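Residue numbers (the working numbering), protein chains in the order written: chain A, 1 to 266; chain B, 1 to 257.
Wrong hints could be hidden among the right ones.
Stated by the list, open to error - Covered stretches of chain A (in silico footprint by chain B; criterion: 3 or more residues with CB under 8 Å from a CB of chain B, positions within the stretch not fixed):
1. 3-17
2. 92-100
Unchecked claim - Every beta carbon over 12 Å from chain B, so not counted as near; a handful from chain A, in silico:
3. T57
4. L121
5. P181
6. F243
Hints are computed from structural coordinates only; laboratory data are not their basis. Source: prediction; values computed, not measured. Just so it is clear, CB atoms sit at the ideal spot from N, CA and C, and this is done for glycine as well.
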Amino acid sequence: MYLPRVAAIVLRQFYLIRGSISRVMPIFIWAAVDMVLWGFMSRYLSGMLSGFNFVSTLLGAVLMWDFCTRVMQGVTLAFFEDVWSRNFLNFFATPLSISEYLVGLVLSSVITSSIGIVVMLLLAMGVFGLSFLTYGFMLVPFFLVLFLFGIALGIAAAGMVLRLGPASEWFVWPVPALLSPFAGVFYPLSALPVWMRGFSRLLPPAYVFEQMRAILSHQRVSIAALATALGLALVYVALACWFFALMYRHSVRTGLIARYSAETLS
Amino acid sequence: MSAPVVLSPSNTLPVLSVSDLCKKYGVKAAVDCISFAVRRNEIVGLLGPNGAGKTTTFNMILGVLEPTSGSIRIEGVDLRAQRSRALASTNFAAVYAPLPGNLTVQENLRIFAMIYGVKKVSRRLAEVLEEFELEKFRHVKCGVLSSGEQTRACLAKAMLNQPKLLLLDEPTASLDPATARDIRGRIREFARRGTGGVLWTSHNMYEVEEVCDRVLFLSRGRILLEGDPRTLPGEHGKQTLEELFITVAREPLTLEL
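Put together the whole structure using the sequences plus the hints.
Dropping the structure here:
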């Protein structure tokens, strides 16, 4: 891996974001809206049902899920910039390798999602009194699992758009919303029917949210569950990279890369 | 026409060597087992009517289209086996691949300089900006440049890494005659003074005659004719290269060897 090429992908995102208010705002605006909405909701519910801390349970979970979503969108938005500016031919006819390109997208996402999480934390902690100290060092594996899963979703989504063409971007946006019922963001997995729980066990965030609730209800954290979540997340990252490489090879074999705006060659 | 370049063993290798290159879509061959080479200090014209297989050939050499069979070697490096190494000494400009319009000329050039592993990026940027008279557009977004200025920006990108193999797909298509002549002069100079070779497509036969040392006529994915653009028409009973081109386009069977 040649690091200046990775840096070039990150620099391109920096140039694009630096000069555009319409790219700066989405980095934190929706996350901020979510914090405000769920912050007031949590505060209202805490007032209705005294003795239960909705701020930690609900707002903390929303913040963590938003982080995962921002990481995914950080990767896909960086990729979409090349779709929108029809830049594939320029990029892929260079020495740039697929691994360098993907690492560049991931690093771009790290930067944008870090800004997002800082804004979310400032709002959640400063305005609504969310205390992450409750989770202690467990926050590290929690964030790590959600970060890895967001990366895996982002790369897989980019691979799908590479294969299906620019219009398939539409499929990408609802992915977090489709997964959230199974991930148990707002409720314990025991609230789900059995068939849904089976699918939830395949989702690393489901383990994270279960362990977050365990900490809040003063139960022991299951290290085995967190290890499973981390293992699953790593497998998904590897699978997503494999899937993207497969879609890239298909596009090179068929000539779709060079005629990407055509969407299909049939 | 070659410059006095001292030939070491590595200099004697062709910069581009294409062997039995095929691209088939089902049973239809877009490129049908073609072989050719581009030597150092040489400008080779790849000519042919629309749909003859020129862009398909270009895309395969650029690594964005996988050949069905055959091999491509750039500076002796097999493109399929060592893609990054082979493409590091290549660059291209094509009318259908403009630089992203939402970044400035300098931003785009810096990004591509990093991708191509250019040393002393700032100095090299200053050189190409001056060479293609783009200094005053340095901070202008590529999307608002005129088509001629965009072409110059693409050519500046193509020269960033001082490529051994330069691929140009109709590089002067959107330029006014004066600018086009100037660009042709620069590319001829690039081929003469350096150690690189150029593969050039154009539909302007006057330009091809002026610039190319050798031409390959492509028709239906096959190389039909090859030779010096100044003598080739006469060898086939035609007055001009344009006349020969029209015959290749309309009646290729009359020329088939």
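Hint check:
With 8 residues bearing a CB less than 8 Å from a CB of chain B, the segment 3-17 of chain A meets the requirement of three and the coverage assertion stands. Figure legend: the segment 92-100 of chain A, annotated as covered by chain B; annotation consistent (6 residues with Cβ-Cβ distances under 8 Å, at least 3 required). Non-interface status of A/T57 relative to chain B is upheld: no Cβ of that chain comes within 12 Å, the nearest being about 42 Å off. At roughly 31 Å from the closest C-beta of chain B, the C-beta of A/L121 stays outside 12 Å, upholding its exclusion from the interface.
With a closest Cβ-Cβ approach of about 37 Å to chain B, A/P181 is found to remain outside the 12 Å limit, as its non-interface label requires. The claim that A/F243 lies off the interface holds: its Cβ sits roughly 18 Å from the closest Cβ of chain B, which is beyond the 12 Å cut-off.
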